[in-house]
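Trainee: Residues per chain are reported as follows:
Number of protein chains: 2
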Amino acid sequence: MADAKYDVLGIGNALFDVLVRTDEKFLANHGMTKGSMALIDEARAASIYRDMGPATMMSGGSAANTIVGIAGFGARAAYVGKVKQDEIGGLYIHDIRAAGVAFDTRPAADGPATGCSYILVTGDGERTMNTYLGAAQELVPSDIDPAEIAAAQIVYLEGYLWDPKDAKDAFVKAATIAHGAGRQVALTLSDAFCVDRYRDEFLDLMRKGTVDLVFANEAELHSLYRTSDFDAALKELRKDVKLGVVTRSEKGCVVASRDGVVAVPASPINELVDTTGAGDLFAAGFLFGLVRNAGYENAGHLGALAAAEVIQHIGARPQVSLKELAQQAGLPV
Amino acid sequence: MADAKYDVLGIGNALFDVLVRTDEKFLANHGMTKGSMALIDEARAASIYRDMGPATMMSGGSAANTIVGIAGFGARAAYVGKVKQDEIGGLYIHDIRAAGVAFDTRPAADGPATGCSYILVTGDGERTMNTYLGAAQELVPSDIDPAEIAAAQIVYLEGYLWDPKDAKDAFVKAATIAHGAGRQVALTLSDAFCVDRYRDEFLDLMRKGTVDLVFANEAELHSLYRTSDFDAALKELRKDVKLGVVTRSEKGCVVASRDGVVAVPASPINELVDTTGAGDLFAAGFLFGLVRNAGYENAGHLGALAAAEVIQHIGARPQVSLKELAQQAGLPV
Numbered sequence: 001m002a003d004a005k006y007d008v009l010g011i012g013n014a015l016f017d018v019l020v021r022t023d024e025k026f027l028a029n030h031g032m033t034k035g036s037m038a039l040i041d042e043a044r045a046a047s048i049y050r051d052m053g054p055a056t057m058m059s060g061g062s063a064a065n066t067i068v069g070i071a072g073f074g075a076r077a078a079y080v081g082k083v084k085q086d087e088i089g090g091l092y093i094h095d096i097r098a099a100g101v102a103f104d105t106r107p108a109a110d111g112p113a114t115g116c117s118y119i120l121v122t123g124d125g126e127r128t129m130n131t132y133l134g135a136a137q138e139l140v141p142s143d144i145d146p147a148e149i150a151a152a153q154i155v156y157l158e159g160y161l162w163d164p165k166d167a168k169d170a171f172v173k174a175a176t177i178a179h180g181a182g183r184q185v186a187l188t189l190s191d192a193f194c195v196d197r198y199r200d201e202f203l204d205l206m207r208k209g210t211v212d213l214v215f216a217n218e219a220e221l222h223s224l225y226r227t228s229d230f231d232a233a234l235k236e237l238r239k240d241v242k243l244g245v246v247t248r249s250e251k252g253c254v255v256a257s258r259d260g261v262v263a264v265p266a267s268p269i270n271e272l273v274d275t276t277g278a279g280d281l282f283a284a285g286f287l288f289g290l291v292r293n294a295g296y297e298n299a300g301h302l303g304a305l306a307a308a309e310v311i312q313h314i315g316a317r318p319q320v321s322l323k324e325l326a327q328q329a330g331l332p333v
Numbered sequence: 001m002a003d004a005k006y007d008v009l010g011i012g013n014a015l016f017d018v019l020v021r022t023d024e025k026f027l028a029n030h031g032m033t034k035g036s037m038a039l040i041d042e043a044r045a046a047s048i049y050r051d052m053g054p055a056t057m058m059s060g061g062s063a064a065n066t067i068v069g070i071a072g073f074g075a076r077a078a079y080v081g082k083v084k085q086d087e088i089g090g091l092y093i094h095d096i097r098a099a100g101v102a103f104d105t106r107p108a109a110d111g112p113a114t115g116c117s118y119i120l121v122t123g124d125g126e127r128t129m130n131t132y133l134g135a136a137q138e139l140v141p142s143d144i145d146p147a148e149i150a151a152a153q154i155v156y157l158e159g160y161l162w163d164p165k166d167a168k169d170a171f172v173k174a175a176t177i178a179h180g181a182g183r184q185v186a187l188t189l190s191d192a193f194c195v196d197r198y199r200d201e202f203l204d205l206m207r208k209g210t211v212d213l214v215f216a217n218e219a220e221l222h223s224l225y226r227t228s229d230f231d232a233a234l235k236e237l238r239k240d241v242k243l244g245v246v247t248r249s250e251k252g253c254v255v256a257s258r259d260g261v262v263a264v265p266a267s268p269i270n271e272l273v274d275t276t277g278a279g280d281l282f283a284a285g286f287l288f289g290l291v292r293n294a295g296y297e298n299a300g301h302l303g304a305l306a307a308a309e310v311i312q313h314i315g316a317r318p319q320v321s322l323k324e325l326a327q328q329a330g331l332p333v
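These protein sequence lines are chains A and B, in that order. Yeah, the first sequence ends on 333 if you go by this note's numbering, and it's all consecutive. Yeah, the second sequence ends on 333 if you go by this note's numbering, and it's all consecutive.
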């Protein structure tokens, strides 16, 4: 196995986040399910945006947030995702490269605009996402460069890739190349409703060994196994995948391998502002810990640390150096 | 004098803010003067942006920030400023209308892109702005609708309007209409270097009574009168304008009228994050106090409160309801 050029390469829906603080009434009036990610078409995007308050904008996308976090810890990271060659696409490309991430996916020259997620943040810090995929729908297997995939120690994929029409083929192509090169493949289950849409396919990916590591939050885990019994679901997860990491908000996380289960507490915070990116940044810290061979417990602490940073401000990208945060916390970097 | 349709109407350079945290070295390497606003051309904008880290983006522009703040207190506000009919211009128009501000300036169909300010925020919370005016340069006197101007109790203008080529004519046109309708005209001096570029013209506006109220920070006041003696400068200011309000950062503000001088302390903060918009939001609170006839001292407190809100997070637009903040602080709304 050749030395890895990247520690982690992520593939996901490249989305520009348009974030706004709002109240519960806004969610109710627009028929939104709090805490979820709903796919919306252009007309609904326009209608939601028209009704939304003034926004804070930044680049987002689940796997992209994770990859930016990994780069922020000081690891070598790459991202594959599709934007359009438009103004917002230009901002997106700037931001991911400026975060120190290798990014070479060719932007779409025509077709729909760069995708946007309209994110409503309620007073309790919960985020409700409405995603117009836009150009992210144009991600195709030919966007996957075999040499780049084979050069990453871990390939990280988001479950949301099952939504655009050809991205799952890109996903499977990447996973196959990665395993062919002796690399690891990680998957995040993304969202409880996403799991509900693609449950059988996700279980198939796990049971056939297409993925080696799965990230899920409690709601996604419960959705995957159609149960509200956490321990029963965790037991199933341990059978289905080599390594499963389940985040439980303020209760921390559980790392479930075939050797056993390790629980790691959440990092303390001063104020919960916006949960957008909590799971993404947890995955960043955990994957960083893995590639540094820090052990599951330290990996869990690194994940908790990054998640705590991102939920204390608006937006899903870290505002400070995660490397320095980890050093201050005495965690291995 | 007819009843006012608006409490305050602002005119300024409509700019999209691209904010990033950085270090002193970045400023030094790029020859930036910390704390100032520098005008940049398209090539320099591209070069600075290329070197900048991942950004947080939101609508900005000095007078626009003030007007959004005034609307946030619950007053009736309008804004005049020029964007292009491009993607970022669309975001800009959404944001200002979503803040409850009347905005009807026709966007430019061609010419330069919507203007952007690249704002570097250092660890001490200070902001250094690099502004590419773009479409803001296209603001012309015909963008000034006499009926709208005459319908505002106070017309608020930014000194930065002296930079684009025709905006000062729009400024003077608006001031003349406002006075013809028996309204008040306020000016912010904007920036010490801006004052240095247009000192004689600004003094002329004041001495000829084109403006009734002037906002300045200490550096701008010192630049205006070419002195480092605050008391001497304040004395000059009192001679030159009916009402002068000077902000002094953590030392609060001084309201200087021909009747006397009132000092109001700053509002306490937990953490200084980003000073972008501090002066703009101070002006918002103060003008709101004026239109509510709250008295200079309460107006100063309202200004201090809004400034304190905006410097505790990234970006120059308030993240919470200023009306609720004022209510909680027991100030008149």
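Think of the hints as simulated: they come from the structure by calculation, not from any bench. There could be a bad hint or two in this list.
Any copy will do: because identical chains look the same in the list, a pair fits if it lies in one copy or spans two.
Unchecked claim - DSSO-like, lysine-lysine: derived pairs with alpha carbons at most 30 Å apart:
1) LYS5 with LYS251
2) LYS25 with LYS323
3) LYS235 with LYS5
4) LYS235 with LYS168
5) LYS323 with LYS173
6) LYS323 with LYS34
7) LYS173 with LYS34
8) LYS34 with LYS5
9) LYS25 with LYS235
Trainee: When no copy is named, should LYS34 and LYS5 be tagged within, between, both, or neither for a Cα gap of at most 30 Å?
Mentor: neither (40 Å within a copy, 38 Å between copies)
Trainee: With identical chains, the pair LYS235 and LYS5 could be close in the same copy or across copies; at 30 Å between alpha carbons, which is it: within, between, both, or neither?
Mentor: neither (35 Å within a copy, 66 Å between copies)
Trainee: Within a copy, between copies, both or neither: where do LYS25 and LYS323 come within 30 Å Cα-Cα?
Mentor: The answer is between: 19 Å across copies meets 30 Å, while 39 Å in one copy does not.
Trainee: Is it within, between, both or neither when you check LYS173 against LYS34 at 30 Å Cα-Cα?
Mentor: Result: close neither inside a copy nor across copies, 34 Å intra and 49 Å inter.
Trainee: Treating 30 Å as the Cα threshold, decide for LYS323 and LYS34: within, between, both or neither.
Mentor: between (32 Å within a copy, 27 Å between copies)
Trainee: Under a CA distance limit of 30 Å, which applies to LYS5 and LYS251: within one copy, between copies, both, or neither?
Mentor: This pair counts as neither: shortest intra-copy Cα distance 35 Å, inter-copy 53 Å.
Trainee: From the Cα coordinates, with 30 Å as the cut-off, is the pair LYS323 and LYS173 best called within, between, both, or neither?
Mentor: neither (32 Å within a copy, 54 Å between copies)
Trainee: As a check of your reading, is LYS235 near LYS168 (CA-CA no more than 30 Å) within one copy, between copies, both or neither?
Mentor: Only inside one copy: LYS235 and LYS168 sit 27 Å apart there, 71 Å across copies, limit 30 Å.
Trainee: Can you tell me if LYS25 and LYS235 fall within 30 Å by alpha carbon in one copy, between copies, both or neither?
Mentor: neither (39 Å within a copy, 52 Å between copies)
In terms of the numbered hints stated before, the structure departs from hints 1, 3, 5, 7, 8 and 9, listed from lowest to highest.
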